[in-house]
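Please work from the sequences and hints to get the whole structure.
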Amino acid sequence: QKEVEQNSGPLSVPEGAIASLNCTYSDRVSQSFFWYRQYSGKSPELIMSIYSNGDKEDGRFTAQLNKASQYVSLLIRDSQPSDSATYLCAPYTGTASKLTFGTGTRLQVTL
Amino acid sequence: EPEVTQTPSHQVTQMGQEVILRCVPISNHLYFYWYRQILGQKVEFLVSFYNNEISEKSEIFDDQFSVERPDGSNFTLKIRSTKLEDSAMYFCARARSANYGYTFGSGTRLTVV
Numbered sequence: 007q008k009e010v011e012q013n014s015g016p017l018s019v020p021e022g023a024i025a026s027l028n029c030t031y032s033d034r035v036s037q038s039f040f041w042y043r044q045y046s047g048k049s050p051e052l053i054m055s056i057y058s059n060g061d062k063e064d065g066r067f068t069a070q071l072n073k074a075s076q077y078v079s080l081l082i083r084d085s086q087p088s089d090s091a092t093y094l095c096a097p098y099t100g101t102a103s104k105l106t107f108g109t110g111t112r113l114q115v116t117l
Numbered sequence: 015e016p017e018v019t020q021t022p023s024h025q026v027t028q029m030g031q032e033v034i035l036r037c038v039p040i041s042n043h044l045y046f047y048w049y050r051q052i053l054g055q056k057v058e059f060l061v062s063f064y065n066n067e068i069s070e071k072s073e074i075f076d077d078q079f080s081v082e083r084p085d086g087s088n089f090t091l092k093i094r095s096t097k098l099e100d101s102a103m104y105f106c107a108r109a110r111s112a113n114y115g116y117t118f119g120s121g122t123r124l125t126v127v
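These protein sequence lines map, in sequence, to chains A and B. Residue numbers for the first sequence follow my numbering, beginning at 7 and rising by one. Residue numbers for the second sequence follow my numbering, beginning at 15 and rising by one.
Hints in this document: simulated from the structure, not taken from any laboratory. Heads up, a few of these hints could be off.
Straight-line C-alpha distance at most 30 Å; calculated DSBU-like pairs for lysine-lysine [to be verified]: (1) A:LYS73 with B:LYS92; (2) A:LYS48 with B:LYS92; (3) A:LYS73 with B:LYS97; (4) A:LYS62 with A:LYS73; (5) A:LYS62 with B:LYS97; (6) B:LYS56 with A:LYS48; (7) B:LYS92 with A:LYS62; (8) B:LYS97 with B:LYS71; (9) B:LYS56 with B:LYS97.
This is the structure we're talking about:
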């Protein structure tokens, strides 16, 4: 079983719609979860972190975590063309430990 | 926070040559990492560096790789004898503390010919 699984996409949503990105992970000791956005040819950029079960909102982004189901998601409301990128999920297991990335989901926001 | 600076942004090298990739992180950060991303593939962990020592390394990080923080500021990744399959984007990352997430540098694109 892969450590982090994401649908590679592309996920295509019209401008203004809600984009829903999902991630499952296998390591039950994962404490925190980070969502990174990566534009083509650029480095990953941290956009959200979540540590507890439930929802966390930051502007147009909402991260949802369910540790019992080993599932984390990212919702992007009012999607914009500038949101078109690859979104990477990364569980974090403890102090100074590495981040293990999924393959990422490529999001395309269409006009 | 200020970005993590990586140099060079692009390096082309011949197979078998040694390359040194540099990262200039914030001096008060304790945790440093190197990752790589082969074109079209996922971001892969190479090595973590904590308190001036390697704390973890992946199976990719074999004897041809080494890391140093020679002057207490710059953080380097050396590839001793490059192979074609080493062609990738190499990212340095740093963390101020464990739960803040990691900030990635702008990356070095390494092309081995």
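Okay, the hints, checked on the actual structure:
A C-alpha spacing of about 39 Å is found between A:LYS73 and B:LYS92, which places the hinted pair above 30 Å, so the restraint is violated. Simply put, A:LYS48 and B:LYS92 have alpha-carbon atoms about 22 Å apart, close enough for the 30 Å limit, and the pair holds. Pair hint A:LYS73 plus B:LYS97 does not hold up; C-alpha atoms about 41 Å apart against a cutoff of 30 Å. Proximity of A:LYS62 to A:LYS73 is assessed by CA-CA distance (about 14 Å); at most 30 Å being required, the pair is judged to hold.
At most 30 Å may separate the alpha-carbon atoms for a hinted pair to count; A:LYS62 and B:LYS97 exceed this at roughly 44 Å. At roughly 13 Å between alpha-carbon atoms, B:LYS56 and A:LYS48 fall within 30 Å of each other, so this suggested pair holds. With a C-alpha separation of about 40 Å, the suggested pair B:LYS92 and A:LYS62 falls outside the 30 Å cut-off, and the hint is violated. Distance hint between B:LYS97 and B:LYS71 is fulfilled; the C-alpha atoms sit about 19 Å from each other, no more than 30 Å.
Taking the CA atoms of B:LYS56 and B:LYS97, the gap is about 19 Å. The hint holds against a cut of 30 Å.
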